[in-house]
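**Q** If you want the building blocks of each chain, they are given just below.
Number of protein chains: 2
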Amino acid sequence: MRNFALALFFICMQQQLNAETIIGFSEEGSLYQKQIETDYDRSLNALEMDKWMKYLSKEPHHVGSLAGKENAEYIAQLFESWGFDVEIEEYYVLIPTPMIRELSLISPTTYKATLTEDSLVEDPSTFVRENLLPPYNAFSIDGKVEGELVFVNYGMPQDYEILDRYGIDVKGKIAIAKYGKSWRGIKPKLAGEKGAIATIIYSDPADDGYGMGDVYPKGPFKNDSAVQRGSVMDMPTYPGDVLTPGIGATKTAERLSFEEATTITKIPVLPISYRDALPLLSAMGGPAVPKEWRGGLPITYHLGPGPAKVKLNLKFNWQTTTAYNVIAKLNGSLYPDEWVIRGNHHDGWNHGAADPISGMVALLAEAKSVAKLAKSGKRPARTIIYAAWDAEEVGLIGSTEWAEEHADELKEHVVAYLNTDGNSRGFVNIGGSHVLERFFNQIIEEVRDPLMDISLKERKRADLKLNNNSAQKRKDAEKRSDIRINPLGSGSDYTPFLQHLGISSANISFGGEARDGSYHTLYDTYEHYTTWRDPNLIYGVSLAQVAGRATLRLANSERLPFEFKGFADNIDLYIGELEELADSMRVDTKDKNSMIIDGTYTAALDPTKTISPPTIKDSVPYFNFSPLKNALAELKESATNFETVGQINKKSTKELNNLLYTVERLMIRDEGLPKREWYKHYIYAPGFYTGYGVKTIPAVREAIEEREYDQVEKQIMLSAEVIENITARIDVIVELLK
Amino acid sequence: MRNFALALFFICMQQQLNAETIIGFSEEGSLYQKQIETDYDRSLNALEMDKWMKYLSKEPHHVGSLAGKENAEYIAQLFESWGFDVEIEEYYVLIPTPMIRELSLISPTTYKATLTEDSLVEDPSTFVRENLLPPYNAFSIDGKVEGELVFVNYGMPQDYEILDRYGIDVKGKIAIAKYGKSWRGIKPKLAGEKGAIATIIYSDPADDGYGMGDVYPKGPFKNDSAVQRGSVMDMPTYPGDVLTPGIGATKTAERLSFEEATTITKIPVLPISYRDALPLLSAMGGPAVPKEWRGGLPITYHLGPGPAKVKLNLKFNWQTTTAYNVIAKLNGSLYPDEWVIRGNHHDGWNHGAADPISGMVALLAEAKSVAKLAKSGKRPARTIIYAAWDAEEVGLIGSTEWAEEHADELKEHVVAYLNTDGNSRGFVNIGGSHVLERFFNQIIEEVRDPLMDISLKERKRADLKLNNNSAQKRKDAEKRSDIRINPLGSGSDYTPFLQHLGISSANISFGGEARDGSYHTLYDTYEHYTTWRDPNLIYGVSLAQVAGRATLRLANSERLPFEFKGFADNIDLYIGELEELADSMRVDTKDKNSMIIDGTYTAALDPTKTISPPTIKDSVPYFNFSPLKNALAELKESATNFETVGQINKKSTKELNNLLYTVERLMIRDEGLPKREWYKHYIYAPGFYTGYGVKTIPAVREAIEEREYDQVEKQIMLSAEVIENITARIDVIVELLK
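Line by line, the protein sequences are chains W and R. Per the working numbering, the first sequence starts with residue 354, numbered consecutively. Per the working numbering, the second sequence starts with residue 354, numbered consecutively.
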């Protein structure tokens, strides 16, 4: 009965919310905005989106390709035809494309890797191979090496700890790693740090092939020839053009030399299919891998080193290439100096129907509908900029260069950046700045799921309650009225806006019901997408509904819809996690150390095998978290004060709105994060050793995780200062509102 | 430091124990017994054990085979040559052997299953095929059927709940199940109850093949032709001859008709290799299996039903067959009427080097050494009976018939039954009656690991601390001074003694470091065993040391070494588990039901797939556990009293010892457990729907698990009564000792 009562409570609450005004709007403003949104929805046209998708994904359209340029021009023309001021902004960036890709097993048996993906009669697009980028990892350095293989599982730090226990290292060897768990670029980065001379990455069928479901074309998953391309640029250090960190790669920009570009890998790296991996892995010897490392190939996996020995030869054409960002502007009727940016990249690895066109066509539908509203006299109050970025796949280059070049004006004018990328079918996913958590919750309370008669929020809550692996998230879903939006790490074009410039950002997508293996393969085609991902682009329309509402509400709200109670609650969660992390590492380190010392590990080991106990680690001291906790206590109080005075009233001024949208700016520190000054956000960052995955309060978290204990309290002070500044700002806002 | 202190504590305790007297012995008796054990150890000869193993496993020696009879005679001669009174006791039991085994895929593709295991040049024994039993499941009924396949995962009750959610049932279909998780006989039992017309069981390579490690002969695991044979007799109802439940299958015994034998399966069942399973599974359609159901074959697994359709034809020769139990007796010098029985079966599925010969040769070594002691004037005080059972593999038949025939005298005379079966390498495993927990702990504190300079107990503790999946067991290993011995379910010859007659029993083995796939295959050979399991039978000697000490101490102790504090502590654990089980089922049922009702399940489901929410279950009421808890409180008090007065003194009388060794008899109730009167033990039983796996306080536990709520409190009363009777007995003993 408890849950039933809870459900009733949510239903009542929701009804109340529907009757409520929209956050940031007066009652009348709310009613008018809802009319606008009804008109807006009416113009969204799935058939047209489908047509655009078919057109934009007809050929490979990566940065530097002819089709890429044509797509940019096509998109620009569309924007122009709808009445936007359009510019194509060009950047001149270093892009590697493959010249030589050779991989052979030379001992104890021989095999020459095919390194190609099969064309399939069921999918005509897979025969369109002109300008096709073959499987490679962009920003792998050139190299010709020969060496024994070592199997490194997913190539994460903890995997090397296990190898250490077997007495196996990768020095002078070639690491073969499974795709997955960490962002791909971490694999060669770590392998290189450990002394490997090259890295091979393959998609294991257990994770990304027949183990997951039927393979393409019978099902959506990777067939045995499919290879995931992808950038291995060291994006957690800085994304964008490798030669122009921090500045726009204009024609005249001052550039680093090739040798100075630290984000190019130190060792060559090549992605392969599981068909090509099988002979290599089959030829390996050494101990069988630990249970958790096993994959889905019909063999016993071995750690090596060797006897399998391979020869790898990679050579790239390092060419300055033009990236075309399409920037379409609709000036605001009331506050033209306050900008809402809505972006999606247009370049794909190949046909790129899902990634990025499925998000791009939603953006186009949004822009067309907004333009129609504008023409009908409902021009948004603030300026809206639609951006179609180039060169995202190779390293967020188009968006990063643009954000770097225009840094000052963006910091001044931008209210928020809203990103999409590949879309799919299922549950809504929103990641972003928590000052917008309540704002997005209200939107997903109102937008209905296209296939079920419930709101997106209800479906999402059900998914979190039933399908989430994290007990915390399941509990939240049950108890917390707002769905937590996810903090953002990296992986798409929001990164320069959020983490470099401190612009409140969000990333929106649907997914969870159409997992597939087309990502970055030849098979990411129109046929694949419309068969397996989102037939008839039903959820493409939902995406346009959510992202469009977010854009329009940010553009039209009287007072900008930022809010701090949800933000404070998330900060509370992160600080709790940090304390727990330190505590559990302390206990774990102590327990393990004592079991190493007292001989438990030795006693439990098989004396006939070669595995050793782990090595002793420095014990984890207690840290003073009180600066963060005191800062949090004050933040919570101020957030509550803001809520108390926060009803819409006459005091919504330009000054107030500016104070609101620049709260996120206070989350960045000019000196940046330790070891990577480009990343300046002290609440959200991608992990230095995990890649896309987010680290919240990253300076503190990574100091603990990487056992740099002498850094922890310094970073606690700096992060607490950031929170204190936010609190001080909220207090100013509250004073203004009183 | 805490753990270090704990380690020190254990070391001190151990030293104290070494100085201590042996449980059940006076100080002088202890010293003398230790001398005896030194002599005993000296006679154990690994080379001789190896020779016996080679001889006894040279040919297939299943019940009814010529080699089986010869092995029995060989063992009898050995015993005789050492001075035992030997009898070969014969039983006339119904044994099926295969006449027709045919399995074909007939649609949509065709494949004829080979149903044979490959001979390997690396293992000469695999060419010895005369009298070889081909892969089959004994006590499958005959049948010729044709039907579509349904994949049922491991064929457990919860698997059928998942299939229900997909709207798939097995009615009129053929269930194909993976070996593992449950005892094999449960699979056709449940499939039959659900309406399947046959069951196919195969060994999935992820669980029992290349997924686990290199396959035979390169490594120890199942190659693609290997098949696990095994009985599918419904042993959780009653083991032993299917026609003579409860009585010895002597020539003149009154027998059931074939039709009345409820332990023969209702539907035909056949085990196959993963080589034969692959074409069948590849031909299946329907939804892809849930993530947790995936196996290690290089395909996407599907649930069916069909389109794969198979034809199965099984016909067996149901023949009355003679089983030969070898019974070797050494009369006790002081208490010839008090018997210690030490048994191991001698029949194997084929060569059976590991199962059962590796245990059998330890028993032989023990018997020879004890006989030598007797000849040198150190004849044990009590009678020792060594038993080599026949027909264990097909259903614990030899031991069960003997125990049934001799029930009355065994109940009167037997102090304890000590069992071994297949042995391996690694950590000591002791399962059994908890009145012997402290007794066995003392033994494993004294016997050293043969490869490391620590006691068996220290190694076992390290293994439990580091490698055990259960948090409870890891905690116990850290905090509890005695290692918990495991409660016994079924799976070897202790069952009739423990669970039918209420004789305190134990099962001893080593393992954990040499997992392999030879179990019940053609590859369970001398070559396999001595290469991969226990080369040079090093742990075979350890087994003889532990089992021999247990036998000799039970035979020589002044006061029998039963103890109740450990027993009470384990009962405490079980009662806690029962309460937790009811509580967690209650919460889980309530949560699931409310999420079904409030639409959460529906909302979280993919509307394009055919899976439905689970069905609503009756809510779980609160039960009155107080009778068990009151009984436990009294038991604990009496156990403490026993410990207080329990020092060895002059009062060790025959009466006292009899009261001690018949405490276990009080754990059985004549009416037996619900639905299976043969099983009479109210503390330990194999699971009715899990097979070998133990259920403690089974009448209560299974009533809760099977949601027979109206039975729970009745069973609590009956089980509490059993505990009360034990307490009353302990009180009598305490009075005697005062």
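What the hints contain is simulated information worked out from the structure, not anything from laboratory work. Some hints here could point you the wrong way.
If chains are identical, the list can't say which one is meant, so a pair holds when it fits in one copy or spans any two.
Each computed DSSO-like pair below joins lysine-lysine, with the alpha-carbon atoms no more than 27 Å apart [stated by the list, open to error]: (1) 534 to 644; (2) 728 to 604; (3) 1028 to 970; (4) 547 to 404; (5) 945 to 832; (6) 764 to 497; (7) 534 to 826; (8) 404 to 945; (9) 668 to 604; (10) 571 to 962.
**Q** For every hint, state whether the structure bears it out.
**A** Comparing the hints with the structure gives:
| no. | hint | verdict |
| --- | --- | --- |
| 1 | 534 to 644 | both (16 Å within a copy, 17 Å between copies) |
| 2 | 728 to 604 | neither (37 Å within a copy, 102 Å between copies) |
| 3 | 1028 to 970 | within (23 Å within a copy, 56 Å between copies) |
| 4 | 547 to 404 | neither (49 Å within a copy, 50 Å between copies) |
| 5 | 945 to 832 | between (36 Å within a copy, 16 Å between copies) |
| 6 | 764 to 497 | neither (45 Å within a copy, 78 Å between copies) |
| 7 | 534 to 826 | within (19 Å within a copy, 30 Å between copies) |
| 8 | 404 to 945 | neither (59 Å within a copy, 43 Å between copies) |
| 9 | 668 to 604 | within (26 Å within a copy, 84 Å between copies) |
| 10 | 571 to 962 | between (43 Å within a copy, 16 Å between copies) |
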